[in-house]
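Just so you know, the protein sequences line up as chains A and B, in that order. Here our numbering is used: position 73 in the first sequence is 73, and no number is missing along the way. Here our numbering is used: position 45 in the second sequence is 45, and no number is missing along the way.
It is worth saying that the hints were derived from the structure and are not from the lab. Accuracy of the hints is not assured; some may be wrong.
[As the list claims (entries may be wrong)] Derived list of chain A stretches under chain B, where covered just means 3 residues or more per stretch with a C-beta under 8 Å from a C-beta of chain B:
#1 37–45
#2 77–86
#3 92–104
[To be verified] Some chain A residues well away from chain B (every beta-carbon gap over 10 Å; in silico):
#4 Gly-31
#5 Arg-34
#6 Gln-58
#7 Val-60
#8 Val-112
#9 Gln-121
#10 Ser-137
#11 Ser-138
#12 Glu-139
Don't be surprised by glycine CBs; every beta carbon is placed ideally from N, CA and C.
2 protein chains.
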Amino acid sequence: MRVLGIDCGAERTGYGVIDSDGREHRLVTLGVIRSRPGRPFEQRLAEIARGLREVILQSVPQAAAVEEVFHAANVKTALKLAHVRGVALLTVAEAGLELGEYSPLEVKTSVVGYGRAEKQQVQMMVRSLLGLEREISSEDAADALAVAICHATRGELGRAAS
Amino acid sequence: MRVLGIDCGAERTGYGVIDSDGREHRLVTLGVIRSRPGRPFEQRLAEIARGLREVILQSVPQAAAVEEVFHAANVKTALKLAHVRGVALLTVAEAGLELGEYSPLEVKTSVVGYGRAEKQQVQMMVRSLLGLEREISSEDAADALAVAICHATRGELGRAAS
Numbered sequence: 001m002r003v004l005g006i007d008c009g010a011e012r013t014g015y016g017v018i019d020s021d022g023r024e025h026r027l028v029t030l031g032v033i034r035s036r037p038g039r040p041f042e043q044r045l046a047e048i049a050r051g052l053r054e055v056i057l058q059s060v061p062q063a064a065a066v067e068e069v070f071h072a073a074n075v076k077t078a079l080k081l082a083h084v085r086g087v088a089l090l091t092v093a094e095a096g097l098e099l100g101e102y103s104p105l106e107v108k109t110s111v112v113g114y115g116r117a118e119k120q121q122v123q124m125m126v127r128s129l130l131g132l133e134r135e136i137s138s139e140d141a142a143d144a145l146a147v148a149i150c151h152a153t154r155g156e157l158g159r160a161a162s
Numbered sequence: 001m002r003v004l005g006i007d008c009g010a011e012r013t014g015y016g017v018i019d020s021d022g023r024e025h026r027l028v029t030l031g032v033i034r035s036r037p038g039r040p041f042e043q044r045l046a047e048i049a050r051g052l053r054e055v056i057l058q059s060v061p062q063a064a065a066v067e068e069v070f071h072a073a074n075v076k077t078a079l080k081l082a083h084v085r086g087v088a089l090l091t092v093a094e095a096g097l098e099l100g101e102y103s104p105l106e107v108k109t110s111v112v113g114y115g116r117a118e119k120q121q122v123q124m125m126v127r128s129l130l131g132l133e134r135e136i137s138s139e140d141a142a143d144a145l146a147v148a149i150c151h152a153t154r155g156e157l158g159r160a161a162s
């Protein structure tokens, strides 16, 4: 199954696409959609939507996975993020993709096996699980890949494989 | 100028379109986009986007106006609302409309002349300003018309007319 992971952000939205049978994962593509900070927020949302639609068109995933909004963060930041997340969910729904939503704890646990793992540990495990030799240059793309792996291992696919 | 006011909500998104020269306003259309509560949230976001695009296609506004998110509300509710608002802003941006964002205080002040006005007073003034004989059946549509009137009177148009 091909899974698109999305790491929403007002300035940088990371994405990562993997092929997975629930146990073994292979990288298809990764990247970051940057929205220009100087532009009006609604224009930036349009840039993010355009970028995500392009990724979906080019990589043709069957499912998408995103993290839940964490309520604990600064409220203003969380509200901004929720706008971006609304746009991402819309894009996923309009493309007809199955959607999985996971807490940061679930993502870390499924990738590192430990819910309080540091960002660096997550990155390292993502690299290792995907058999990547080089470091993943973008933290946002690494986070997107982590949530894609989480979906592949925790969703129906993962349950079937274990 | 033709202005589309949007009152975002996860279950009911009100809309109202007016023609205005900054002083006199005329109702073009009003209504509510209902998203079915039983469906997955991302599907409901897609229903809202579809509804808004249809309104824009049919009424061809030049500008859109929405209320700012009020941070004070219940955080979970505010986050949900922000998702819907993200979708609304995206729809507006992709339709190439000018966008105005106003605080509840600004909307009430511009419609009733008093920032702490009750919902009923806002409704009554909206009816009066638009010369409507009948009550506006939907509170959400009335709120959408209020923010459209706010844009028309407080935006460049309003400054030119006063």
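Comparing the hints with the structure gives:
1. 37–45: holds (count 5)
2. 77–86: holds (count 8)
3. 92–104: With 4 residues in contact (Cβ-Cβ under 8 Å with chain B), the coverage given for the segment 92–104 of chain A holds.
4. Gly-31: holds (20 Å)
5. Arg-34: The assertion about A:Arg-34 holds, with a minimum of 17 Å to chain B.
6. Gln-58: Non-interface label stands for A:Gln-58: nearest chain B Cβ at 20 Å, farther than 10 Å.
7. Val-60: At about 19 Å from chain B, A:Val-60 clears the 10 Å cut-off, so the statement holds.
8. Val-112: holds (27 Å)
9. Gln-121: holds (28 Å)
10. Ser-137: holds (28 Å)
11. Ser-138: Holds, since 23 Å exceeds 10 Å.
12. Glu-139: holds (23 Å)
Violated hints for the displayed structure: none, as all numbered hints are satisfied.
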